[in-house]
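Student: Protein sequences appear in the order of chains Z and R.
With the first sequence counted from 1, adding 85 to any position gets you the numbering used here.
With the second sequence counted from 1, adding 85 to any position gets you the numbering used here.
One or more hints might be untrue.
Unchecked claim - With a Cα cut of at most 25 Å, we get these calculated SDA-like pairs of lysine to any residue:
(1) 375/Z <-> 260/R
(2) 368/R <-> 157/Z
(3) 375/Z <-> 192/R
As the list claims (entries may be wrong) - A few chain R positions that, by computed beta-carbon distances, are all more than 10 Å from chain Z:
(4) 110
(5) 173
(6) 190
(7) 387
Don't read these hints as lab results, they were simulated from the structure.
Glycine is no exception: its CB is placed at the ideal position from the N, C-alpha and C atoms.
Here is what each chain is made of, one letter per residue.
2 protein chains.
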Amino acid sequence: MISIGVDIGGTSIKGASINEQGQIMARFSLPLIAQETGDQTIARLGRKILSFISEKKMQKKEILGLGIGCPGAINSEKGIVDYSNNLKWNDVPLQEILEKVTGLKVKVTNDANAAALGEACFGAGKEASSIILLTLGTGVGGGIIINGQVYQGNQGKGAELGHTVIEIDGRPCTCGRQGCLEAYASATALISDTKEAMKKHPDSLMWKLVNDDITKVNGKTPFDAKIKGDIYASEIINHYIKYLGEGILNFCNIFRPEAIILSGGIAQQGKDLLNPLIDYCEKRNYGFKKTPKVKITTAQLGYDAGVLGAASLFFHNQ
Amino acid sequence: MISIGVDIGGTSIKGASINEQGQIMARFSLPLIAQETGDQTIARLGRKILSFISEKKMQKKEILGLGIGCPGAINSEKGIVDYSNNLKWNDVPLQEILEKVTGLKVKVTNDANAAALGEACFGAGKEASSIILLTLGTGVGGGIIINGQVYQGNQGKGAELGHTVIEIDGRPCTCGRQGCLEAYASATALISDTKEAMKKHPDSLMWKLVNDDITKVNGKTPFDAKIKGDIYASEIINHYIKYLGEGILNFCNIFRPEAIILSGGIAQQGKDLLNPLIDYCEKRNYGFKKTPKVKITTAQLGYDAGVLGAASLFFHNQ
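Given only the sequences and the hints, what does the whole structure look like? Please build it.
Tutor: See below:
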């Protein structure tokens, strides 16, 4: 049996047919069109899926269903996209439209949940039964897998791990709270901290790395400069590691999962991120003796985590 | 069918036979004896249970098992009390000893998990499938019920909700971290804040309430003084509500449970605690539109939550 996984991104929609072993059989993609409404885009996606099924000569009866990962606030119980800032969608009855157009069973979840499920089933978490995924990108997204199943919370509104306050009265967050993990550990926050440090320190090596053009700063800049010995970059990374580390230790104490998996732009720094982070967390592990270690690692599936996880909404008794 | 629930406390052990409707059929208790080792206490508990069964003319075949709630760090998978500061126990193979002495099936969990399960099955959370329980006592304990089941984390070391940092570099916590919720929201923290404020403000009404004896301050003192119009008490309560509220909002965003239930000494303040707390949380609910409300309430079962929850380890497909 196979399942079709769909990952709705900021500029395009990617999909794939996937078997229960997590092998991608065939792929498709379609662009997002700015003028379209959400309902129109979803109807177009449905028609694309039908033509994909017919092109690839798949039998509908061998397709378990259609799993969708979508950014934004999703009501996974009703299959509705309540709203998505990135897509500018409001109240899109995604499941209803897609089921009508394709005749297939449809399940929808938040994109971070889908990525978490993908990594849990086929990636960095496949040996574990309970994992936490943190995406370190524009924001800090979260996915919770408990006993192999996505935990979504009431009406799909849980797992907002980036919106947990780690500093009372701290930095304003886009969500309206102050001091959220996202305001310190997102790529956005790291880039903003980097720019601020550069402005304070015209002698920082980081200026050279971006050819004196501060608009070229990205999440890699401070990591690269730290390796080259720039003390200002070291300070930025230490600060970043401290806040991310405290957030991770919180999730260790709350869930004591087998693994915490990092994905998104910043996770691409690999061991330059992991080594100091693991060091920070292991030195400060919760006071309990005999507390089982939580593996901290980076995602393995790259951009395929989304489609694999979305497809997995129909595998493994989800 | 019935189950026997046991709640190991700081000075005594309470037990009860309980049916699947949560009715307590009969009770027993036995004192803790300071000179005993953990192994000796558990063996004595086992013998007490055998005599309880025979006194009450129960048939062993109608007893599903023996559920135990125990303070401290519990390895629920192996049924071992890794250590308990209160009881001064280390590596007590509780499950093994009790099964040997009684011939019954035994399950063991942390006391806060047991209380959470009790409230979820028969108390303030019985209409909900996913709840979070916070005990506001000497420390801040946590219990997580997901889809009606206790979530314990790897080797029973999860749900340490009090040991989540909400203020980086904040107050030192007994666990070794700094800025944990426990360091602000426990009864211990509230009492310490109250005493500090009293020392600063000899004109506070709180002095009168304790007959000028600061050692008589308890968690009720600032609540009582606030009602009587003492501004220093109001400040203490506002600070307490803010930190507890931010912690609760974190758990709302992480779990989006149906209810968050407060128990322990401070929860006995009832609406004097709940009214300002709910007000604080509702004004600051996470930015999502359409986010389902989380009911914030106090526990209903009082001291029986522990035995009811421990017994429930054998009910409802735990």
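Student: Can you list which hints this structure breaks, lowest number first?
Tutor: none
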